[in-house]
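Produce the entire structure from the sequences given, and follow the hints as far as they go.
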Amino acid sequence: MFGLTFEKLLIVAVIAAFLIGPERLPLYAGKLRQFVRTVRDFADGAKDRMKEEMGPEFDDVDWKKLDPRQYDPRRIIREALLDDTPAPSAIKPVTPSALGQSGSGQRASLAPGTVPPFDPEST
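Just remember that my numbering sits 1131 ahead of the position in the sequence shown, which is counted from 1.
Treat the hints with care, since some could be wrong.
What the hints assert, rightly or not - In the BS3-like style, the derived pairs of lysine-lysine whose C-alpha atoms are separated by at most 30 Å in a straight line are:
(1) LYS1182 <-> LYS1196
(2) LYS1178 <-> LYS1162
(3) LYS1195 <-> LYS1178
(4) LYS1195 <-> LYS1182
(5) LYS1196 <-> LYS1178
(6) LYS1139 <-> LYS1162
Think of the hints as simulated: they come from the structure by calculation, not from any bench.
Note that the structure is a prediction, hence the values are computed from the model and not measured.
Dropping the structure here:
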(Lines of atoms letter the chains of each structure in order from A and count residues from 1; the text may use other names and numbers.)
(Lines give C-alpha, C1' and ligand atoms only; values in the text may rest on other atoms or scores of the structure.)
Protein backbone atom coordinates (compact mmCIF):
# COMPACT_ATOMS: atom_id res chain seq x y z
CA MET A 1 0.00 0.00 0.00
CA PHE A 2 1.76 3.14 -1.32
CA GLY A 3 5.15 1.47 -0.69
CA LEU A 4 4.68 1.57 3.09
CA THR A 5 5.79 -1.40 5.11
CA PHE A 6 4.82 -2.22 8.67
CA GLU A 7 8.17 -0.92 9.94
CA LYS A 8 7.71 2.43 8.21
CA LEU A 9 4.21 2.80 9.60
CA LEU A 10 5.47 1.97 13.08
CA ILE A 11 8.20 4.64 12.82
CA VAL A 12 5.64 7.22 11.65
CA ALA A 13 3.36 6.28 14.59
CA VAL A 14 6.19 6.66 17.11
CA ILE A 15 7.21 10.05 15.68
CA ALA A 16 3.56 11.18 15.72
CA ALA A 17 3.23 10.07 19.37
CA PHE A 18 6.28 12.15 20.31
CA LEU A 19 5.04 15.19 18.39
CA ILE A 20 1.50 15.02 19.78
CA GLY A 21 2.62 14.37 23.30
CA PRO A 22 1.17 12.26 26.11
CA GLU A 23 -1.54 14.80 27.00
CA ARG A 24 -3.20 14.94 23.57
CA LEU A 25 -2.48 11.37 22.46
CA PRO A 26 -5.72 9.86 23.91
CA LEU A 27 -7.77 12.62 22.23
CA TYR A 28 -6.23 11.97 18.81
CA ALA A 29 -6.47 8.19 19.26
CA GLY A 30 -10.21 8.65 19.91
CA LYS A 31 -10.54 10.82 16.79
CA LEU A 32 -8.72 8.19 14.75
CA ARG A 33 -11.02 5.49 16.12
CA GLN A 34 -14.08 7.61 15.26
CA PHE A 35 -12.76 8.23 11.73
CA VAL A 36 -12.13 4.52 11.13
CA ARG A 37 -15.60 3.67 12.44
CA THR A 38 -17.17 6.32 10.16
CA VAL A 39 -15.36 4.96 7.11
CA ARG A 40 -16.39 1.38 7.98
CA ASP A 41 -20.03 2.44 8.44
CA PHE A 42 -19.91 4.28 5.12
CA ALA A 43 -18.59 1.16 3.35
CA ASP A 44 -21.19 -1.07 5.02
CA GLY A 45 -23.94 1.38 4.04
CA ALA A 46 -22.80 1.35 0.43
CA LYS A 47 -22.74 -2.45 0.43
CA ASP A 48 -26.24 -2.61 1.96
CA ARG A 49 -27.54 -0.15 -0.60
CA MET A 50 -26.05 -2.23 -3.44
CA LYS A 51 -27.72 -5.35 -2.01
CA GLU A 52 -31.01 -3.49 -1.75
CA GLU A 53 -30.88 -2.14 -5.31
CA MET A 54 -29.62 -5.33 -6.96
CA GLY A 55 -31.91 -7.63 -5.04
CA PRO A 56 -31.21 -11.36 -4.86
CA GLU A 57 -28.79 -11.13 -7.81
CA PHE A 58 -26.19 -9.47 -5.55
CA ASP A 59 -25.14 -12.81 -4.05
CA ASP A 60 -24.82 -14.40 -7.50
CA VAL A 61 -22.22 -11.89 -8.74
CA ASP A 62 -18.63 -13.14 -8.84
CA TRP A 63 -16.87 -10.02 -7.55
CA LYS A 64 -13.37 -11.43 -8.09
CA LYS A 65 -14.17 -11.80 -11.77
CA LEU A 66 -14.93 -8.05 -11.96
CA ASP A 67 -11.65 -7.01 -10.30
CA PRO A 68 -9.96 -4.49 -12.65
CA ARG A 69 -6.52 -5.74 -11.62
CA GLN A 70 -7.13 -9.01 -13.46
CA TYR A 71 -7.53 -7.39 -16.88
CA ASP A 72 -4.46 -7.71 -19.07
CA PRO A 73 -4.84 -5.76 -22.32
CA ARG A 74 -2.28 -7.99 -24.05
CA ARG A 75 -4.31 -11.10 -23.20
CA ILE A 76 -7.56 -9.49 -24.36
CA ILE A 77 -6.04 -8.47 -27.71
CA ARG A 78 -4.38 -11.87 -28.15
CA GLU A 79 -7.70 -13.64 -27.56
CA ALA A 80 -9.47 -11.31 -29.97
CA LEU A 81 -6.88 -11.87 -32.70
CA LEU A 82 -6.87 -15.63 -32.27
CA ASP A 83 -10.67 -15.85 -32.29
CA ASP A 84 -11.71 -18.56 -34.76
CA THR A 85 -15.04 -17.08 -35.84
CA PRO A 86 -15.66 -17.34 -39.59
CA ALA A 87 -15.22 -14.15 -41.59
CA PRO A 88 -18.40 -12.67 -43.06
CA SER A 89 -19.02 -13.53 -46.71
CA ALA A 90 -18.40 -10.90 -49.34
CA ILE A 91 -21.38 -8.67 -50.09
CA LYS A 92 -22.61 -8.78 -53.67
CA PRO A 93 -23.25 -5.36 -55.19
CA VAL A 94 -26.74 -4.80 -56.54
CA THR A 95 -27.06 -3.85 -60.19
CA PRO A 96 -30.19 -2.42 -61.84
CA SER A 97 -30.68 -5.72 -63.66
CA ALA A 98 -30.72 -7.57 -60.32
CA LEU A 99 -33.50 -5.24 -59.21
CA GLY A 100 -35.50 -5.91 -62.34
CA GLN A 101 -35.09 -2.35 -63.56
CA SER A 102 -34.46 -1.67 -67.16
CA GLY A 103 -34.25 2.09 -66.82
CA SER A 104 -37.96 2.64 -67.43
CA GLY A 105 -38.55 4.07 -63.94
CA GLN A 106 -40.34 1.03 -62.58
CA ARG A 107 -39.49 -0.14 -59.07
CA ALA A 108 -39.07 -3.77 -58.22
CA SER A 109 -38.50 -5.49 -54.89
CA LEU A 110 -35.13 -6.96 -54.04
CA ALA A 111 -34.50 -10.61 -54.59
CA PRO A 112 -34.00 -12.61 -51.38
CA GLY A 113 -30.37 -12.57 -50.22
CA THR A 114 -29.36 -9.39 -52.07
CA VAL A 115 -28.14 -6.28 -50.29
CA PRO A 116 -29.78 -2.94 -51.12
CA PRO A 117 -27.56 -0.37 -52.84
CA PHE A 118 -25.58 1.95 -50.61
CA ASP A 119 -23.85 5.19 -51.52
CA PRO A 120 -21.28 6.15 -48.85
CA GLU A 121 -20.98 9.69 -50.23
CA SER A 122 -24.67 10.41 -49.73
CA THR A 123 -24.70 9.79 -46.01
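Tested hints:
1. LYS1182 <-> LYS1196: holds (18 Å)
2. LYS1178 <-> LYS1162: holds (24 Å)
3. LYS1195 <-> LYS1178: Roughly 16 Å between the alpha carbons, so the hint for LYS1195 and LYS1178 holds.
4. LYS1195 <-> LYS1182: holds (17 Å)
5. LYS1196 <-> LYS1178: Holds, at about 18 Å.
6. LYS1139 <-> LYS1162: holds (22 Å)
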